[in-house]
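Participant: Can you build the whole structure from these sequences, using the hints too?
Respectively, the protein sequence lines represent chains A and B. In this text, residue positions in the first sequence follow the numbering used here: the first is 249, and each later residue adds one. In this text, residue positions in the second sequence follow the numbering used here: the first is 853, and each later residue adds one.
Just so you know, these hints were derived from the structure itself, not from any lab. There's no promise every hint is true.
To be verified - Residues from chain B that keep clear of chain A, each with C-beta distances beyond 10 Å, as calculated:
1. R876
2. E894
3. R898
4. S904
5. D906
6. T907
7. E930
8. Y932
9. R948
Claimed, not checked - Listed below are the simulated DSS-like cross-link pairs for lysine-lysine, each with C-alpha atoms no more than 25 Å apart in a straight line:
10. B/K963 to A/K258
11. B/K937 to B/K868
12. A/K469 to A/K308
13. A/K267 to B/K868
14. A/K401 to B/K937
15. B/K963 to B/K868
16. A/K385 to A/K267
17. A/K449 to A/K431
18. B/K913 to B/K877
19. A/K258 to B/K905
20. A/K258 to B/K913
21. B/K877 to A/K258
22. B/K915 to B/K963
23. A/K431 to B/K937
Stated by the list, open to error - Chain B regions said to be covered by chain A (calculated; three or more residues, Cβ under 8 Å):
24. 933-940
25. 955-965
Positions of the beta carbon are idealized from the N, C-alpha and C atoms, including for glycine.
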Amino acid sequence: MENVRLIEVKEDILSDNIKRAGEMRKRLRETHTLLLNLMSSPGSGKTSLILRTVEGLAGKIRLGVIEADIDSTVDAEKVAARGIPAIQLRTGGFCHLDAAMVTQGIDAMDISGLDLVIIENVGNLVCPAEFDTGAHKNVMILSVPEGDDKPLKYPLMFSICDVLLVNKIDYLSLSDFDITALKQRALILNPNLKIFEVSCKTGVGIGGWIDWLQGEVTSFKGSKG
Amino acid sequence: MHELSITENILNVVLKHAQANSVRKVMVVHLRIGTLSDLEDEWIQRYFDYLSKDTLAEGAKLKIERTPVIVRCNDCSESYEADVKNLEHLICPTCRGNRCTLISGREYYIKNMEVL
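Facilitator: Right under this line is the structure:
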C-alpha cells in the first residue's frame, strides 16, 4: 500500500489574476490613464451611461472604451460612432472580464494621450464582482426596475464598488422601489460607496456623476506615478 | 456562471504543485472558500471532474471548508463575524454601530493536497 503524502499548497486561486491586475494598475498609473470598470445587470444602462459620459466629458477629458460582449459588436459600434476609440472584446460566452482580457484590450488601444478608459463589463451582477480587472475605480449601475433588494442578493458587487449609479430614476414614481431602503442596504455593505441618482434618458443627475468623474481623473493625473 | 474559470484555476495550481513534487496521483484537495462566493461545492466538484480527465488529478476529491464573512466596525474598529443571510441588519456586538468594512469572506485558497 502506497503512502499518501500531504503537500502544502497555500495558494490563492485568483493570485495570477490579482498579480496581473496590479501590473495593469501600475502601468496605467505611469501613463496617467484612469481605468474605470463599469458593471451592472443586462439592460440597466451601461452603454447609455457611457454615451452620456462621452457627451459630458467632451472637450475636457480624452477617453477610450473597452466593450465586453458575449458575441456581438453592437455596443462598440455605438460608442465608435461618437468618434471615441473603442475596442470590442468578444468574451465568447465568458460571464466576466478578468485582468488578462482587459490587458488585451488595453494593448489593442492607443492609450497615449488618453486620460480615462472605461471598461463596459459583461452584464451580470455576480461574476464580474469576483475578478479584479486592474481598474482603479469600480462603478456599478442599478436601475429602478431591478428592485431595491439587490444589495441583499448580490452583496459582493455592492461591497467592491466605489460608486453606485441608480439609473432610470425617472421611473421611480411608477414603481414601489424604495430608494431610502436601497441606500441603507448598500451603505451597510459599503459605507464609502458614493451614490448618484441618474436618468440616462432624461439626463437628470448626470451632471453630478460627470463632476465626480472629472474630479477623479484630475486628481489621478496629479498623483505621483 | 464562472465556475468553469475558477475550477480551471484550481486545477492549474493543483497540477503545478503535483508536477513540482513528482506526484503520481492527486487524491484529495483541501480548499478554503469564502462564504461570499456564490459557487456551490457540488458544482465545483462536477466541473473539476470534467476538467481533470486524463490528468494527475483525475478522480480527486475536493474538500471545501467555508470561511466566514468577517467585517470590521467603522466606529469602534472591532472585527466580528457577519451573518450572510442577514447582511441588512449587521450590528456591531461591541458598540452597536451599523457601518462596517469587509475584511474576509471572498477568498479562494488551496491549503494542501493529499497525493500518492
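Participant: A separate judgement is required for each hint: does it hold in the structure or not?
Facilitator: Taking the hints in turn, this is what the structure says about them:
1. R876: Nearest chain A Cβ is 8 Å from B/R876, so the label is violated.
2. E894: holds, 17 Å
3. R898: holds, 17 Å
4. S904: holds, 15 Å
5. D906: Fine: 21 Å to the nearest Cβ keeps B/D906 off the interface.
6. T907: The claim holds: B/T907 sits with its nearest Cβ about 16 Å from chain A, beyond 10 Å.
7. E930: holds, 15 Å
8. Y932: Answer for B/Y932: holds, closest chain A Cβ roughly 14 Å.
9. R948: holds, 13 Å
10. B/K963 to A/K258: Holds, at about 5 Å.
11. B/K937 to B/K868: violated, 36 Å
12. A/K469 to A/K308: holds, 13 Å
13. A/K267 to B/K868: Distance ~17 Å between A/K267 and B/K868 Cα, so the pair holds.
14. A/K401 to B/K937: With a Cα-Cα distance of about 10 Å, the restraint between A/K401 and B/K937 holds, given a limit of 25 Å.
15. B/K963 to B/K868: With Cα atoms ~14 Å apart, B/K963 and B/K868 stay inside 25 Å; holds.
16. A/K385 to A/K267: Roughly 17 Å separates the two Cα atoms, so the pair holds.
17. A/K449 to A/K431: Judged against 25 Å, a Cα distance of about 22 Å means the pair holds.
18. B/K913 to B/K877: holds, 12 Å
19. A/K258 to B/K905: holds, 24 Å
20. A/K258 to B/K913: holds, 18 Å
21. B/K877 to A/K258: holds, 19 Å
22. B/K915 to B/K963: Judged against 25 Å, a Cα distance of about 10 Å means the pair holds.
23. A/K431 to B/K937: Cα-Cα ~19 Å, so holds.
24. 933-940: holds (count 3)
25. 955-965: With 8 residues close enough to chain A, the hint holds.
Going through the hint list in order, the structure does not satisfy hints 1 and 11.
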